[in-house]
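Trainee: Construct all of the structure, not just a fragment, from the sequences and the given hints.
Here is how the chains run, residue by residue.
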Amino acid sequence: MMLEVKNLSVSIHDQPILDGLNLKVEPGQVAAIMGPNGSGKSTLSYVIAGKPDYEVTGGEILFDGENLLALEPNERAAKGVFLAFQYPVEIPGVATMTFLKASLNAQRRARGEGDLTTPDFMRQVKTAAQSLKVDFDMLKRPVNVGFSGGEKKRVEILQMALLQPRLCVLDETDSGLDIDALRIVSEGVNALRDAGRSFLVITHYQRLLDHIKPDVVHVMSKGRIVKTGGADLALELERNGYRDYSEAAA
Amino acid sequence: MTSHVSRLRTEAETALEAQFAALDLKGARSDAFAAFSAKGLPSRRDEAWHYTDLRAALKHAAPLAKAPDAARMQAAGATLQPLPRVGETRLVLVDGHYAPSLSDRAPPGVTFVLAEATTQADDALLALNTAFAPAALGVEIAAEAGPVSLEIVHIDGPGAVYARIALSAPKRAVVAVFERFEGASRETQRNAVALIDVAEGASCEWTTLVADAAALHLEAPVVRLAGDARFTNFALVCGPALARRQIDASHSGPGAKIALNGLSLIDGVRHADTTLTVRHSAPHGESREFFRHIVADEAVGVYQGKVIVDQYAQKTDGGMKSQALLLSPNAQMNNKPELEIFADDVVCGHGATVAALDPEQIFYLQARGIVRADAEAMLLEAFGIEAIERVADEKARDALNERLRDWLKRRAG
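If you're matching them up, the sequences are chains A and B in order.
Here the numbering used here is used: the first residue of the first sequence is -11, the next is one more, and so on.
Here the numbering used here is used: the first residue of the second sequence is 8, the next is one more, and so on.
I should point out that these hints are in silico values taken from the structure, not numbers from a laboratory.
Worth double-checking, as some hints may not be accurate.
Below, computed lysine-lysine pairings styled on PhoX-like, alpha-carbon distance capped at 25 Å [unchecked claim]:
1. K114/A with K140/A
2. K12/A with K67/A
3. K12/A with K215/A
4. K416/B with K89/A
5. K402/B with K128/A
6. K67/A with K39/A
Mentor: Put into structure tokens, the structure is as follows:
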């Protein structure tokens, strides 16, 4: 099992958000998590990535059998956990290229590998930028500053392509994307699908799942997974909404 | 009934009195010292010094640095040697004394002269400088001189060092100055004044680097701008135990523009104060102030900016910004922006922010694999570099960026 979330309970400012959540993601699997606003989807993604401020009051998260909760966010990243942010953070004054290189080399060092040479790095960035239709000049600008919503999301996927993580958590990557951008981002994700890499795709809407076909769909409500099914479950949700599942969790 | 409260002299004030008496000076210098003596060292009771209590901080007055002898000049030469050149023509002062043997020859159209240069001394810092400073190093630029690029290097050893520079940029001159303070130790108490006149249509970009370890760094640029003149200053301050830069600028002709910028990096128990006054006395003037502080440990930052717009200075455009990052719960930043506006048709504003590093940004960087300490250093470097970007001259900018990186490395290591 690549990811195993066992009976996870999480609070923020004493407010319980996740309530005994259980979830398994197998290697190579694309798992979608759908659910209404406030069901705890983003919290789950943040807790997997290691965002501070969330208090884990019970349960555990195992990644390849190792307890993720004991690790710093950067250690989790070096082990192969990647979160594509719903709201990528702007970092004025840090050129995107500098940031990409620092990220890549930090992870390599954590794994005991040497730094990439500049030509190798540039080649990798250029390839990733081309396939995601990211203007290369944009990468000279500060991280996410002045980027449109679509540009921000494309650069998130570009980071994912460069860092080659094994668990990709996509937190509402479709929000704020027009149809063309949605297609480009989805193609970027699909290009990374392979037997050793898993995806946790968090979304409100079926729309994204038309492009990124999930192997399994989980419905989340009130801090738990309340139903699990195949890709057709997403279509059912699109038709009927989340009302049934809100009741189920109550 | 009247009562006379006589102020007790501090040990430092008593020592300053004795030092001045021993010099047996008359005239303007004596008047200046009398003006200082009447009020003594400024303390937090003086509004302009409210956050920097010099009277309390100056426990003793260091003995006056002597005019450099041959051995001192040799040592100063060794300090100078590794410094990369920033300006085209290098001018060196050793312990406040112009050192021609270490300086370049003046370029065509420029003369270096030693002269008594007086200034109104109603302020303790200026009064002490007027009383004690060796003859001022005057930089005179002829009307037909092309663009002038100077690097003024102060190499200061232990003791009380007073330095005075007077630079006049004639009409339409283009002058760039990189002024750096080097060599000082915890035994150095420095007082440096620069009298800068920018004539009609002339422009002067002045960059200041204060990165040595002086116990006390007092610096007072006095800037006079004629019509359509431009003056820009950027100062990087990192190193002195107590630094106070006080800038006194005035627009006396219409259409003058001034930009005062700076970055202070302070850690330990260091204290860095920037206090400035910009007086607009003529219409259509512009002033911009932009200061950033990174304050760590138990350090204290001070920014006091006062923009005065006289009633004739209509259409003045003024903007002031101070931004500070506090890196520890005991770090302190004192901001005091002030606008005194007597004209009715002006645009003036100010803003001040004090914040910690943004945890969202740190998490974002960490989530990509970057170790927390490196993430913090990246954000601090970015905060600093964004300020330094205001320096137009590339060499000057590079020199400042290098000091910023050194400071961050020292903090991390």
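Trainee: Work down the list of hints and note, for each, if the structure agrees.
Mentor: A quick look at each hint next to the structure:
A distance of roughly 17 Å separates the Cα atoms of K114/A and K140/A; the hinted pair therefore holds under the 25 Å criterion. Between K12/A and K67/A, the direct Cα distance comes to roughly 18 Å. Compliance with the 25 Å bound is thereby established for this hinted pair. In summary, the hint linking K12/A to K215/A is supported, as the alpha carbons are separated by about 13 Å, within the 25 Å threshold. Of the supplied pair hints, the one linking K416/B and K89/A holds, its CA atoms being roughly 19 Å apart against a limit of 25 Å.
For the given pair, K402/B sits about 21 Å from K128/A by alpha-carbon distance, which is consistent with the 25 Å threshold. For the given pair, K67/A sits about 16 Å from K39/A by alpha-carbon distance, which is consistent with the 25 Å threshold.
Checked against the numbered hints above, the structure violates none of them.
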